[in-house]
Amino acid sequence: MPLLETENLVKRFGGVTATDDVSVSIESNERVSLIGPNGAGKSTLINLITRRLDPTEGEIRFNGESILGLKPHDVVQRGVSKSFQTASIFPQLPVIDNARIAALGAEHGAFRLNLLSRLDSYDEVDAVARETLQDVGLWAERETAAADLPYGDKRRLELGIALAAEPDLLLMDEPTAGMSPEETAATVELIENVKAERDLTFLLVEHDMEIVMNISDRIIVLDRGSVIAQGTPEEIRESERVQDAYLGGADR
Amino acid sequence: MSPRVPRDELRVLGLTALAVLAFPYLFAEAPVVSDVLNGYAGLATPILIWGIFVMGYDLLHGYTGLLSFGHAAFWGAGGMTVGALIHHAEFSFPLVAVALAVVVGILLAALIGYLSLRRGGIYFAILTLAFGQMIYYTMLGPAGQLTNGEDGLILDASSLFGVIPLDAGLPVLTPLGIIPSWLYAVTGVLTLVSVAVAYRILQSPYGLVFKAIRENEQRASFVGLNVWRYKLAAFVASGAFAGLAGGLHALQAGNASASPFYWIVSGDVVIMSILGGVGTLFGGFIGAGIYLYMDNVASSIGLIGDRWHLLLGVLFVVIVWLFPDGVWGGLRRLRSMVGSDDTTHTQTTDDGGND
Numbered sequence: 001m002p003l004l005e006t007e008n009l010v011k012r013f014g015g016v017t018a019t020d021d022v023s024v025s026i027e028s029n030e031r032v033s034l035i036g037p038n039g040a041g042k043s044t045l046i047n048l049i050t051r052r053l054d055p056t057e058g059e060i061r062f063n064g065e066s067i068l069g070l071k072p073h074d075v076v077q078r079g080v081s082k083s084f085q086t087a088s089i090f091p092q093l094p095v096i097d098n099a100r101i102a103a104l105g106a107e108h109g110a111f112r113l114n115l116l117s118r119l120d121s122y123d124e125v126d127a128v129a130r131e132t133l134q135d136v137g138l139w140a141e142r143e144t145a146a147a148d149l150p151y152g153d154k155r156r157l158e159l160g161i162a163l164a165a166e167p168d169l170l171l172m173d174e175p176t177a178g179m180s181p182e183e184t185a186a187t188v189e190l191i192e193n194v195k196a197e198r199d200l201t202f203l204l205v206e207h208d209m210e211i212v213m214n215i216s217d218r219i220i221v222l223d224r225g226s227v228i229a230q231g232t233p234e235e236i237r238e239s240e241r242v243q244d245a246y247l248g249g250a251d252r
Numbered sequence: 001m002s003p004r005v006p007r008d009e010l011r012v013l014g015l016t017a018l019a020v021l022a023f024p025y026l027f028a029e030a031p032v033v034s035d036v037l038n039g040y041a042g043l044a045t046p047i048l049i050w051g052i053f054v055m056g057y058d059l060l061h062g063y064t065g066l067l068s069f070g071h072a073a074f075w076g077a078g079g080m081t082v083g084a085l086i087h088h089a090e091f092s093f094p095l096v097a098v099a100l101a102v103v104v105g106i107l108l109a110a111l112i113g114y115l116s117l118r119r120g121g122i123y124f125a126i127l128t129l130a131f132g133q134m135i136y137y138t139m140l141g142p143a144g145q146l147t148n149g150e151d152g153l154i155l156d157a158s159s160l161f162g163v164i165p166l167d168a169g170l171p172v173l174t175p176l177g178i179i180p181s182w183l184y185a186v187t188g189v190l191t192l193v194s195v196a197v198a199y200r201i202l203q204s205p206y207g208l209v210f211k212a213i214r215e216n217e218q219r220a221s222f223v224g225l226n227v228w229r230y231k232l233a234a235f236v237a238s239g240a241f242a243g244l245a246g247g248l249h250a251l252q253a254g255n256a257s258a259s260p261f262y263w264i265v266s267g268d269v270v271i272m273s274i275l276g277g278v279g280t281l282f283g284g285f286i287g288a289g290i291y292l293y294m295d296n297v298a299s300s301i302g303l304i305g306d307r308w309h310l311l312l313g314v315l316f317v318v319i320v321w322l323f324p325d326g327v328w329g330g331l332r333r334l335r336s337m338v339g340s341d342d343t344t345h346t347q348t349t350d351d352g353g354n355d
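Residue numbers (the UniProt record's numbering), protein chains in the order written: chain A, 1 to 252; chain B, 1 to 355.
Source of the hints: derived by calculation from the structure; they are not laboratory data. Treat the numbers as computed from the prediction; the structure is a model and nothing was measured. Quick reminder that beta carbons are idealized off the backbone N, C-alpha and C, glycines included. It is possible that part of the hints are untrue.
Claimed, not checked - Simulated restraints, written as ranges between beta carbons of each label pair: (1) B/D8 <-> A/G137: 28 to 34 Å; (2) A/D123 <-> B/V96: 49 to 55 Å; (3) A/N193 <-> B/G121: 54 to 60 Å; (4) A/V10 <-> B/H309: 33 to 39 Å; (5) B/V317 <-> A/S226: 33 to 39 Å.
Stated by the list, open to error - Covered by chain B, per the in silico footprint, the following chain A stretches (three or more residues, Cβ under 8 Å): (6) 9-19; (7) 97-111; (8) 235-245.
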């Protein structure tokens, strides 16, 4: 049974069809990249999986169960977390509190009636927050306000917040977008490390073909809302259809 | 959790107790200070009562980032609970009545919060305003039998345990000018309890989740938190404090009517909250103090008189301009400027830049 499965997923915005009959699946421990030109429907697909958007038609199953009736936070509680394309952090709060918030969601579930017990009495929350910041290399900056971090560090914090949930499936929306080459290299290294350490299953949306080719077990190519190809990095590199639609033409 | 009180809470409670004890003396009795301020003991009690109201409101507005324009409803309902019990049911336990005012505040806030939190931002604010006004007009008209409209109910049976009149002085302490009345003593103790509860809520996971929602609601839900329930919790908590304060206010005023339900009260709370400092918790008492001082003391100075609203407006602009995080935030910044080096100063400034 696949970990995640979409079946004939259609999303229309008015007259525009953003995803058209998309059926993909991801197995446990698989690293999958989603590529395609701008407007191909990558972000829409991610937003459908995280339940930010309702599909017009089709079905999404996680661990064999439909997630269509769920709220976004329920999907996270089931084990799917997401790192955003822009650093979606808690800017005025110190880095450690950013991690604690993520740890709370992971350790205490969606809601708990504990408004009169002190946060510092929950050691498990601090432990997860600490581990998360150590993993993404921000432990030394824990007292800094998140807004004051350099851009690359903000994105690492973003990734850390998504990882704190210890997701069964991590969705990453262009984790290196807007980064300098050094920051990009550091982020790729971070992803590689976490991947090895945590047996991570992920779905990565990325434009940088070098990263995609190096990091993925399988690549899914979207164009104009439809899956036009999928396969190993080698297969995709050699597919003419992909080259026509995406890789060919201009700069890559 | 653990039976011993953590050190930070001990400090907060100690300082609050000290402030509550010293305040009426400094304000109304102390040589020089009280002469300059022109304060009087009778104003000390309402300042604490409104302070509780504003502090609770700050949990919602300052910490969770939800602007409500309907909190007059919970303040009014707290007062009406106390009023109806004492006036209609001839209930002679004002403290029990105040406890029930808290319960009514909680229930009403749960209902209005449940309905209003369906929408966010300005729509939420307008929904709370609409529900608040709906309740005001209900109290004025259809429920006029209960409330006696704007004239309200006279509460003359306000005595502690049916024995001690609340407006009577305490032995020894009152003649010394320390505690003006039993009512002040009761209000002071409940202020201490309120500060303890509100401070504890902020030290609990809720405090952090509230700030998370204020900072980035979408992210909060994408770490798996049920944002809606936490928002409702913040709304209900602030409703509880509003109910408590409203109940005390009725006791203090000796009257419970439809007027406290009016939307102006919701606006007053927002003004006091901003004056004292949004997201500062204790600033609520400062904001309430400034507002009531202008209303009651400054307005009786010949030159100011009816123009106190204008003066308050000017003061409001100056405070917001100089200290975006209110008087409390300004004091805090001043302290960190005096007390430490430049780096921490920059950081506090950044903290205050929010909202």
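Structure-based check of each hint:
One distance hint, 28 to 34 Å for the beta-carbon pair B/D8 and A/G137, holds here, with the actual separation near 30 Å. Here the CB-CB span from A/D123 to B/V96 is close to 40 Å, at odds with the stated 49 to 55 Å. Distance hint check: the CB atoms of A/N193 and B/G121 are about 40 Å apart, inconsistent with the given range 54 to 60 Å. Checking the proposed 33 to 39 Å range against A/V10 and B/H309 shows it is violated: the Cβ atoms sit about 59 Å from each other.
At roughly 58 Å, the beta carbons of B/V317 and A/S226 sit outside the given window of 33 to 39 Å. Judged by the Cβ-Cβ criterion of 8 Å, the stretch 9-19 of chain A is not covered by chain B as claimed, because only 0 of its residues qualify and three are needed. Restraint check on the stretch 97-111 of chain A versus chain B: 11 residues with Cβ-Cβ distances below 8 Å, three needed, restraint holds. Coverage of the stretch 235-245 of chain A by chain B is violated. Counting CB-CB distances below 8 Å, 0 residues qualify, and the rule asks for three or more.
Violated hints, listed in ascending order, are 2, 3, 4, 5, 6, 8; each of the other numbered hints is respected by the structure.
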